[in-house]
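These protein sequences, in sequence, are chains A and B.
Counting along the first sequence from 1, when you hit position 12 you're at 12 in the numbering used here, and nothing is skipped either side.
Counting along the second sequence from 1, when you hit position 9 you're at 9 in the numbering used here, and nothing is skipped either side.
Some clues are possibly wrong.
Note that identical chains are pooled: a pair holds if it fits in a single copy or bridges any two copies.
[Claimed, not checked] Restricting the straight-line Cα-Cα distance to at most 25 Å, the calculated cross-link-like pairs of lysine-lysine (DSS-like) are:
(1) 57 - 26
(2) 250 - 177
(3) 56 - 26
(4) 250 - 185
(5) 2 - 57
(6) 188 - 57
(7) 56 - 188
Hints were generated in silico from the structure; no laboratory data involved.
A quick note: this is a predicted structure, and the numbers were derived from the prediction, not measured.
2 protein chains.
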Amino acid sequence: MKPLILITNDDGADAPGISVLTRLMKQIGDVVVVAPDGPRSGQSNALTVSAPIRYKKLHEEEGFLSYSCTGTPTDCVKLALNQIVPRRPDLLVSGINHGSNAAINVIYSGTMGAVLEGCENDILSIGFSINSHSLSVDFSYFEPYILQITREALFNGLPHYVCLNVNAPEGEIKEVKVARQCDGKWVKEYEKRIDPHGREYFWLTGHFHNNEPDAQDTDEWVVAHGGVAIVPVSIDMTSHSSIGSVGKWKLTID
Amino acid sequence: MKPLILITNDDGADAPGISVLTRLMKQIGDVVVVAPDGPRSGQSNALTVSAPIRYKKLHEEEGFLSYSCTGTPTDCVKLALNQIVPRRPDLLVSGINHGSNAAINVIYSGTMGAVLEGCENDILSIGFSINSHSLSVDFSYFEPYILQITREALFNGLPHYVCLNVNAPEGEIKEVKVARQCDGKWVKEYEKRIDPHGREYFWLTGHFHNNEPDAQDTDEWVVAHGGVAIVPVSIDMTSHSSIGSVGKWKLTID
């Protein structure tokens with residue numbers, strides 16, 4: 001039996017990136033797409049809790065089903081697994097995101113939110129992103145790597161609670177490298193404007209500050225130097241190395 | 001100079017939990033509250049990207065300022081740090097959340113989203129949650145532990161990229177223990193209903209399945225047995241132990 005592949009994203013069911021990813025995954029298995037009905041960038045693992053959600057079928061053919069959902073990327077994965085897929089998927093892929101999800105973006109990304117959700121459900125899960133926000137970005141250099149990484153993931157598997165965050169540069173690809181999440185933060189994040197009634201409002205903007213620009217084993221470095229970066233991501237967020245030191249604090253109440 | 005403490009939450013500026021946390025933090029330092037203008041549970045690290053956000057002052061007195069913000073908990077922290085606080089905070093506390101954020105809830109929680117955001121900005125950050133969704137839950141047993149943990153955190157500090165996820169049981173507290181994130185997942189997550197027009201819709205529900213119910217070093221176990229669980233959380237999500245094995249995959253394109 002062919003593998004069953006669940007596909008989602010955070011740019012919406014009609015984004016170019018998810019159509020490329022769908023075309024590629026049809027070469028590997030049967031495909032079910034459950035994607036948001038519009039853009040959900042920066043939605044992290046957000047859940048829709050104070051309203052119900054819905055889904056509707058967009059397309060059906062042999063070995064391929066696609067749906068749009070009114071929720072977040074994480075909602076899409078939850079609803080797909082609980083209500084939509086005909087059997088347990090062998091793989092979840094999310095993307096191809098229009099924009100990098102390297103470094104700390106892993107915690108904000110709706111693309112990666114969906115991947116973490118698949119991982120929690122013990123499904124082999126991979127997020128693919130390209131370092132360009134252009135809707136007309138050329139995915140063709142990235143495509144053979146997406147196929148190769150996906151096939152190797154299906155062949156080798158991943159440990160429990162581990163998934164992959166794969167980021168590609170725009171244009172030609174010089175190498176593919178397993179990397180770690182770069183240390184950094186976003187800075188200068190708001191642009192203040194005044195509305196026609198004289199009241200302030202704030203748009204999110206800003207840029208990424210790399211705390212370790214010379215480290216060559218980070219996802220930021222690999223992508224900036226023309227490589228595809230693969231970061232294995234754990235959804236166990238415990239800082240195991242800190243348990244001992246915090247355990248020495250005086251925590252009892254006299 | 002007194003420490004400057006930034007407070008936020010995901011239950012909204014008028015929730016009982018944040019008023020208790022504010023009263024406690026006034027015993028330790030100067031306080032600035034920047035909290036959502038309504039409930040934002042399950043908002044994870046979601047960002048408001050397709051609309052601007054605003055904030056307004058709610059209250060001002062010596063050593064205390066409070067504001068509400070139209071964004072998510074993560075937006076609140078970003079806007080506070082970029083536009084509102086008079087100087088760099090020495091501490092960020094989030095909560096007290098009405099509901100447990102133990103185990104995998106760390107990736108969905110807006111309370112913890114705010115904590116991860118403070119941590120990314122190199123601010124000592126702690127999330128406090130209580131294992132009850134009741135708005136009239138009694139926080140009094142938890143209060144001395146919140147003060148003690150906060151004072152110890154200010155005294156000892158935490159490593160870069162590490163913050164704390166603190167969860168308390170309802171009622172009397174038997175112990176306080178440094179723990180790790182419990183391994184588990186949410187199951188049976190949707191309730192299907194039919195609207196008056198005959199169309200399906202889905203409410204998020206479900207319950208947590210503990211994959212390791214007998215492990216005594218998890219946050220779930222500690223809270224279930226009447227203890228306050230402190231989990232040190234890392235925002236470096238790299239599975240460092242998987243870099244070697246994934247690095248052996250055949251990733252090059254011939």
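> Tell me, which hint numbers fail for this structure?
Replying inline: When the structure is compared with the hints, only number 4 turns out to be violated.
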